[in-house]
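*Asks:* Respectively, the protein sequence lines represent chains A, B, C, D, E and F.
Residue numbering for the first sequence follows the UniProt record's numbering, beginning at 1 and increasing consecutively.
Residue numbering for the second sequence follows the UniProt record's numbering, beginning at 1 and increasing consecutively.
Residue numbering for the third sequence follows the UniProt record's numbering, beginning at 1 and increasing consecutively.
Residue numbering for the fourth sequence follows the UniProt record's numbering, beginning at 1 and increasing consecutively.
Residue numbering for the fifth sequence follows the UniProt record's numbering, beginning at 1 and increasing consecutively.
Residue numbering for the sixth sequence follows the UniProt record's numbering, beginning at 1 and increasing consecutively.
Hints listed in this document are in silico derivations from the structure and should not be mistaken for laboratory results.
Quick caveat, the model's predicted, so the values are computed rather than measured.
Treat the hints with caution; some may be incorrect.
If chains are identical, the list can't say which one is meant, so a pair holds when it fits in one copy or spans any two.
Derived lysine to any residue pairs resembling SDA-like cross-links, with alpha carbons at most 20 Å apart [stated by the list, open to error]:
hint, residue 1, residue 2
1, Lys32, Val132
2, Lys32, Glu55
3, Lys32, Arg10
4, Lys32, Gln251
5, Lys32, Leu109
6, Lys32, Asp217
7, Lys32, Asp63
8, Lys32, Arg113
9, Lys32, Ala244
10, Lys32, Arg229
Protein chains: 6
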Amino acid sequence: MLDRPATSIRFRRLLLTGAAGNLGSELRPRLKAYCDTLRVSHRSDDIAPAGPGEEIAVADLADKAAVMAMVEGVDAIVHLGGVSTEQSWEAIRDANISGMVHLYEAARLHGVRRIVFASSNHVTGFYRQDQVVSSRDPVRPDGFYGLSKAFGENLAQLYWDRHGLETVSVRIGSSFAAPRDRRMLATWMSYDDTERLVAAALGAPVVGHSIIYGMSDNATTWWDNTPARHIGYRPQDSSEVFRAEVEARQQHVDRGDPATLHQGGMFVRTGPFFDEAV
Amino acid sequence: MLDRPATSIRFRRLLLTGAAGNLGSELRPRLKAYCDTLRVSHRSDDIAPAGPGEEIAVADLADKAAVMAMVEGVDAIVHLGGVSTEQSWEAIRDANISGMVHLYEAARLHGVRRIVFASSNHVTGFYRQDQVVSSRDPVRPDGFYGLSKAFGENLAQLYWDRHGLETVSVRIGSSFAAPRDRRMLATWMSYDDTERLVAAALGAPVVGHSIIYGMSDNATTWWDNTPARHIGYRPQDSSEVFRAEVEARQQHVDRGDPATLHQGGMFVRTGPFFDEAV
Amino acid sequence: MLDRPATSIRFRRLLLTGAAGNLGSELRPRLKAYCDTLRVSHRSDDIAPAGPGEEIAVADLADKAAVMAMVEGVDAIVHLGGVSTEQSWEAIRDANISGMVHLYEAARLHGVRRIVFASSNHVTGFYRQDQVVSSRDPVRPDGFYGLSKAFGENLAQLYWDRHGLETVSVRIGSSFAAPRDRRMLATWMSYDDTERLVAAALGAPVVGHSIIYGMSDNATTWWDNTPARHIGYRPQDSSEVFRAEVEARQQHVDRGDPATLHQGGMFVRTGPFFDEAV
Amino acid sequence: MLDRPATSIRFRRLLLTGAAGNLGSELRPRLKAYCDTLRVSHRSDDIAPAGPGEEIAVADLADKAAVMAMVEGVDAIVHLGGVSTEQSWEAIRDANISGMVHLYEAARLHGVRRIVFASSNHVTGFYRQDQVVSSRDPVRPDGFYGLSKAFGENLAQLYWDRHGLETVSVRIGSSFAAPRDRRMLATWMSYDDTERLVAAALGAPVVGHSIIYGMSDNATTWWDNTPARHIGYRPQDSSEVFRAEVEARQQHVDRGDPATLHQGGMFVRTGPFFDEAV
Amino acid sequence: MLDRPATSIRFRRLLLTGAAGNLGSELRPRLKAYCDTLRVSHRSDDIAPAGPGEEIAVADLADKAAVMAMVEGVDAIVHLGGVSTEQSWEAIRDANISGMVHLYEAARLHGVRRIVFASSNHVTGFYRQDQVVSSRDPVRPDGFYGLSKAFGENLAQLYWDRHGLETVSVRIGSSFAAPRDRRMLATWMSYDDTERLVAAALGAPVVGHSIIYGMSDNATTWWDNTPARHIGYRPQDSSEVFRAEVEARQQHVDRGDPATLHQGGMFVRTGPFFDEAV
Amino acid sequence: MLDRPATSIRFRRLLLTGAAGNLGSELRPRLKAYCDTLRVSHRSDDIAPAGPGEEIAVADLADKAAVMAMVEGVDAIVHLGGVSTEQSWEAIRDANISGMVHLYEAARLHGVRRIVFASSNHVTGFYRQDQVVSSRDPVRPDGFYGLSKAFGENLAQLYWDRHGLETVSVRIGSSFAAPRDRRMLATWMSYDDTERLVAAALGAPVVGHSIIYGMSDNATTWWDNTPARHIGYRPQDSSEVFRAEVEARQQHVDRGDPATLHQGGMFVRTGPFFDEAV
């Protein structure tokens, strides 16, 4: 947790979806600094009970009515919910595609002003690791998961263009305690930087629909965030302090492996396409 | 119908989906020139019976197994099927999102080499009518329908990047006998030009995943097809011959109406969003 | 004059400024096809008397009140008025800078919807003749005249952004009966094409503030009008029919002369800068 | 004042116009480090008397002869003079448009080599606050003031292209002791950074006509100065230290207000257009 | 041969190198229309004797003194000489690399004003056939031959930047009587269009160093010549008239073959790299 | 030397060519940290004897067989060898053009995976000092030396596209102990930063063919390395600490001198073109 809030903008009631997931658990205590009440939601009641200033909302994103209830009364949403790995098409469709439609319709009907949407670097995972990409480049998803996140971004664009609902789509790299392999030297975003980015996305006066890659100030960089500087995110951490250790552990890479060559890493060759079931 | 085929490339068996729709009915007799057998499919059996060189395949796109059967044995697909107007989210999701996944999985498993996908100008419908857009610009869908077509294009990109399945995504403007209003002076594509475009997309030696706007050689143009010239489409018709009549009928436009200002026309303000049902 | 109007859109009352100038005299009879009443204005009463369907308005552009009266009651304006050559700074300032402010304020206050503004290729006259320029490139005026036209375009942009007043700024090349020298093989716009362009600019449903280079379909081209295709202008003439004669007359060019090297031609080295008066 | 000069390049005689204005008063003592003699000018004699190494020149920019005298004998000019807010068209025309022509003609005739021109972010004030703009993007002035600054930049370009007179046009954001509101978290430039920028602009060996946005190293950034890195300006300050306080004071913004949405802030909706006088 | 010259600009003495090659033999009679004397050169005396208005110059490009003599007294050069297929590195180095240096030094020393250089589409042969490329994209040569042509273009750029010697580099596609395969439907340039292009390149008043792709007005197009429109080349022929026949002959392409996928065709996998000799 | 290696990736055997040159001598001791054995080569035996972990290879780059032997058995190459100043065409051709072909053929045949190629800023030396250039801009070499380096980059691109051999082309600015003049305030790269860059180029998992400008983190910057951020180079030094001294020594520059105006400095007007020998 940062020693002081990254922004002084405070919300009355903030909704955090996916609050029991890996990243959700990390952000849950941090987001309290930015609101009076933090509503934390998860798809089941397998979530830590409400602490002070918290309230729990259980909702399956595929359930339109439950989502409508979950969203009622909140000012802004940090949407981490849904499937975050390559899973079956049906799981991804229900949580990440229909779920996003439910969430945005609910937000529109309840007058929510802004959503911070956890998109993913897998939206552009089929670019090579020797390319530097910005949000202005065409998407190249690396699987059904990335495809669903591209859908989410386009939905956010639609709700901005048509309904004036603002979104910051964060193409999260790898938000972990530390980079786990050489790929993550590029994609890593520290938890503190993740808080900084979410806070900036919540606090900026005007965002329309903005897309930003979620990464720390890493020396190795695949993404150019120039078009998103208006959000005010300045990372303070860097994967560089882990380089020696990570490289020592992984001296060799297999350049014949698509996972080595592409930004999406393992995602470019995993996932339950239908043939597994045929 | 053109007096001779636009390409000499012939397929053994070609699948035309959506064959009983407006555009499908127009293309059905034309596509026979490009294949030995034309398999025509529709979501119900409300379709004209098979003529010489034709075979019928009834399949609901939302039905994975039916789609698998429909695709078996074809060399290439002209995919017009699915919802082509702004309808309920569920209808669009089933036919245009899940339906596309079904179609591409089936095509991949059955070794189909190329798909001509009827995408739509509504993928970029929220650009203004005083802007000239190309396929390199970010999408700005104007509703659930446009959103589903953007999903389809991204899916096509994924199957090219990952599986080598080729697609030409055609962002069809207005394929009708004649332009009906001043907007269509820009968006109109004659039936003959539609055939030319589909033939070029089928016959080009290499297309990867290419995106092209489907329009005739209209004087008023919102779309720049420079990045798609490798497909070899050269429109021969123009909406200009209809200008005097169309403008005489519609002297005035309401510049306060979003439908006047944006490329998507009426689509930018129609459609059964959930609130109609709330 | 075209054998039939280039657009069927008709205005009740159209204002043509600079109507006694070279180009104004050519357009005056042509514009009658596009309106019930053509108000023709000039800075003095040295102008041919009103014919059928015409009315005369004498106004010096530097005279705010006179401009206000001139504009009252018109639907749209074709603004050719002002200085059209390199003259003294004061003359250009009064007619082309203050005059433009007067005109746009008058148009705003009187509710005029659209202005076709005769800008000039001299706005970008300092690009070289071996460069192809579009309206998206930075301006490089070649003198006070070009500078004043750049001012006019920026003013038009301001009135669109702030007041919703639409303008098509036409960067006219050389609108003459025929190209006079090798430079004009690139810059020439026939009178018929000039009418086509003005008609398209008047008739297009939505233009915001659009910038277009005014030229015929010349083989030699310095300007890329791709960003302005939405206006619907398609030139039908070409300087090519004059090439043999023009080149025979002017076999040699002096490549040491800035006028040879730059698009602005003679303008890049003429004009009464103050030193002439010092 | 910096503890040592930002550049070692010294001028014999430097002219500072607008020396009695807000920013002029701040720069006046700072610029002494960069010249033997600092000529300070103002439009009236309401200016602090000459100190050591200073000389006073009173000149109204609208007065051609006075400007000619003011410029005589100087090596370089830091031009802050003229109107710096939205005022009447006539005031802006005289000081910022005619005044600029007078200044540049005088500089050309007297052989001045370089001018640092205080342009303004209001040249592009009609871009939205969720856009990142560079000097390569088309101008979108937000009023007569911004329009006059765009004129000044184009004039500077003309004098470089035609006469070899060099200019750095600085699109100043908000040069104040501290940011006053949330907009200024993006636009703020500290006085020290302002000195750094002016010094870099004066000292760089070659600048032609370069445009740079004047801002500190703020986390929230609307402007991309990549094309101007050759000038050598590296800001050392940041608005970030003021964020907590500024945001606490201004928790809410009115997103229905054009001043909130656009980079120009209040300028996009203020100013004595003629209707106030009608 | 065209029924009349494509330009009226005439040269006193024009040099055509490579005059006994395939394309040289075709251009030799055509170029007489553009000069008083046509000097035709070849690397050996195996060349048809001089006709009226012709003179012969035998010179090996690798022989500096011979090249110097060959160039003496000419006004302009059409340089087709050198190796035009993938050959040994030494052959390409001597004729296309050293030979180009010899030619340009000779041209500079003898005051030649302009060279039309037969570059090649193989300079960008490693782009895919589903990409549209312009001269502004980075080069991607497909072998030693393409590499040598890229060298030649860079040399031409150097001589323009440094010595004011003008060049039009023509990236010739396939200049044959008719397209021979499906690749040539994109790359074909008729002999008449070749003459038109060479004439335009010789006759344009100012070219600096310009790069243009040499192709007819083919429906299938890989190259965007927008940046070269100032040269004034307008192709009149099209490969489309050969499409039916060419496609009928070559129904199938092998998409696993790099020669099918890339613009360079067979060149991307042929050529005597050293290993053949190891 | 850095206090610890910039990357933990180690090679079994690394080849350093040009090891006895200025920069080679500086890098020779530094590169030992990145390999078990450092093979150091020079064109003659005028090179310091092998120290621990070193082996010597003498080879003239123009000698194909010698180069083949030199490359045998190495994992990667840092290629500084060849001519590094403007010399006679023959010297540059033999060492930098034929020499590069020999080196890449040898590397391909011996299975070398990666080359770090010392290219030069003189590849783009004819851009002006008021321009900011990236590797995506067309090359503009300033002499035969720059031309040979452009050739080397294109060769590297060919070997990547065709043979999968990876290269990082480093367009070295000025790698010296300190900047020597005002031009070097922009172009300087400290020896430590040079080591950082070479280490990053060797250690990055995937580079394809990447081009990066070699410079420290200088305030004055002509080059935009955004497209090369994936390499992971972060300079730590800056020329700024030398500014006061350098500028004091060189108060004045001659703006009439091409060497002042262009990025290549003196190179734009030096070099033994043939006329010196005529």
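*Asks:* Identify every previously stated hint that the structure contradicts and give their numbers, smallest first.
*Replies:* Per hint list: 1, 5, 6, 7, 10 violated.
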